[in-house]
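J.: So you can see what is in the structure, the chains are spelled out below.
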Amino acid sequence: MNWPDLSMGGYGFYVWGSYLFSLIAIVWELVSLNHRKKAQSRAQKRVSPGIFERNY
Amino acid sequence: MNIYKYASPTMFYPLAGKIIPWFAWPAGILFALGIFVGFFIAPTDFQQGDAYRIIFIHVPASWLAMFLYVLMALYAGVGWAFNARLASMMASSLSITGAMFTFLSLVTGAFWGKPTWGTWWVWDARMTSTLILLFLYIGFISLQSSIDDARRADRAGAVLALVGVINVPIIYFSVQWWNTLHQGATIRILQKPTIHGSMLWAMLIMLAACWLYSVAVVLIRLRCIILEREQNARAFAEVAV
Numbered sequence: 001m002n003w004p005d006l007s008m009g010g011y012g013f014y015v016w017g018s019y020l021f022s023l024i025a026i027v028w029e030l031v032s033l034n035h036r037k038k039a040q041s042r043a044q045k046r047v048s049p050g051i052f053e054r055n056y
Numbered sequence: 057m058n059i060y061k062y063a064s065p066t067m068f069y070p071l072a073g074k075i076i077p078w079f080a081w082p083a084g085i086l087f088a089l090g091i092f093v094g095f096f097i098a099p100t101d102f103q104q105g106d107a108y109r110i111i112f113i114h115v116p117a118s119w120l121a122m123f124l125y126v127l128m129a130l131y132a133g134v135g136w137a138f139n140a141r142l143a144s145m146m147a148s149s150l151s152i153t154g155a156m157f158t159f160l161s162l163v164t165g166a167f168w169g170k171p172t173w174g175t176w177w178v179w180d181a182r183m184t185s186t187l188i189l190l191f192l193y194i195g196f197i198s199l200q201s202s203i204d205d206a207r208r209a210d211r212a213g214a215v216l217a218l219v220g221v222i223n224v225p226i227i228y229f230s231v232q233w234w235n236t237l238h239q240g241a242t243i244r245i246l247q248k249p250t251i252h253g254s255m256l257w258a259m260l261i262m263l264a265a266c267w268l269y270s271v272a273v274v275l276i277r278l279r280c281i282i283l284e285r286e287q288n289a290r291a292f293a294e295v296a297v
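If you read the sequences in order, they're chains A and B. Note that our numbering has the first sequence beginning at 1, numbered continuously upward. Note that our numbering has the second sequence beginning at 57, numbered continuously upward.
Calculated directly from the structure, the hints in this document are not laboratory data.
Calculated lysine-lysine pairs in the DSS-like style (CA-CA distance at most 27 Å, straight line):
#1 K38(A) to K74(B)
#2 K74(B) to K61(B)
#3 K37(A) to K74(B)
#4 K74(B) to K45(A)
#5 K61(B) to K37(A)
Going by beta-carbon spacing under 8 Å, a handful of chain A positions derived as facing chain B:
#6 Y11
#7 F21
#8 E29
#9 K37
DEER-style ranges, computed between Cβ atoms:
#10 K37(A) to S202(B): 15 to 25 Å
#11 M1(A) to N139(B): 53 to 63 Å
#12 F13(A) to P225(B): 30 to 40 Å
#13 A43(A) to I203(B): 16 to 26 Å
#14 I203(B) to W28(A): 18 to 28 Å
#15 V27(A) to Y228(B): 26 to 36 Å
#16 S7(A) to D205(B): 50 to 60 Å
#17 N34(A) to K74(B): 11 to 21 Å
#18 N58(B) to M1(A): 42 to 52 Å
#19 S41(A) to S202(B): 20 to 30 Å
The beta-carbon is built from N, C-alpha and C at its ideal position, and this holds for glycine as well.
If we strip away everything but chain B, and leave its shape as in the complex, we get (with noise of 0.2 Å):
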């Protein structure tokens, strides 16, 4: 089987459609699970209460907003250094769904913030390179959607992606860089976890559903795009659908 073949929109049209139930479903049942676990399963934290169950969605947000940029720059970078149209497209259809979990996360650390810190925002290094993600996944989206000619602007916003992927380590490390207001990081890949285990549980099977319904909508964008993109739409769809 020749994969190099679903590198054309034309291929990888169909082949999208196919497997977006298999990433649908799976987060809807996985969000209900998390849920559970989350509000049902975990314990009260004796020092916060129950405002730490913000963190089932706090930090898997967080973490997608991270990676999907990282993602995206590696998807815009790829199209622009091989021409590879899918692959623009693919960054664009990121983008959207990133800017909304960078959205989510500083709007749910606002919400845990208050109770926590008595304050729903400070110009915090986490909160600050946080909010120039978004700023980042904007200017992304507004370079884009601001140039008539696709594949310019594919070639602009990879260049403003790439330029952007320098943010994602700092916001990472900015806890342990700056002495910060915000915590430190509680899992660790290489040090056992610091929080209870079904705490643990909730937020991983929380962080899996994010991510299966990123694929999700992110396949259903990108075949937007796709037959958006294509000029021949007629011939496009007679091969296709």
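In isolation and in its complexed conformation, chain A is listed as follows (with noise of 0.2 Å):
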């Protein structure tokens, strides 16, 4: 096992940039869909009964 150097090599702004904008990516994808989830299951409780089998 190699202890990696932090730096790496003179590159560390590349190699941590491009790893902590892939981190930026996942986490805003995960929360984004968390807030549709939380959208929708607000969207679902305010609709009145009755309403859905008016229209359908």
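Since each chain comes alone in its own frame, lean on the hints to assemble the complex.
T.: Right, here's the structure in full:
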């Protein structure tokens, strides 16, 4: 096992930058999905009984 | 067991809920393992130094960007041809994760390009065709969200997705067809890989992690889409939840 040099031999900005960007993208996707789920469940709760039966 | 019953969104909804953890948890474990192998086991490259470690996220992101597009076009085509609602919903769900991986592929590629080529971006065949892939994903998502009628949106999206699939082999073979700045493929199915074993393992583990993550996220989004699109939500909820 090799302990990595945190400066990545002078390429730290590029290596850590790319991983940080990837982490941000993944977290953004998970957070936006969570918001969508919450908004969806709120919308379901708001719907009063009988509305769907009238429409369909 | 009749598996065709799962072609119905109502029947697939609870099944998706059950299988999501089987993809989400292994994805997290494999991400951690891939980072560990990539940073602690894989040696420093003698030409690129430690800058090469970007490949452990760049290559899986690029492969998934292409693969998810083909899968999205396939589902969109099946949804269009057979009027299969679940397939069209799956295509919609895949598009956002595919766009995210394409964006990641371009950004991590720029981070790799600057130290190795001396530039963040060039209008190279591989990079330009990948940028076109991102525009195709954005076009698909925008087109679907701009049409109120879900069935019409699915059909319009399917046409765009199927036409755009021609771009995937262009991306893949661009490094062979044109004289590009981007390096050729290091891993080929029928040939021995030209990189160190631990580098290859780190890349394959990260690929598996990204793939499992994609399945989990796509299924979570698919469940949202199913609920959003099902018109009789009350009756649906009674059956599915």
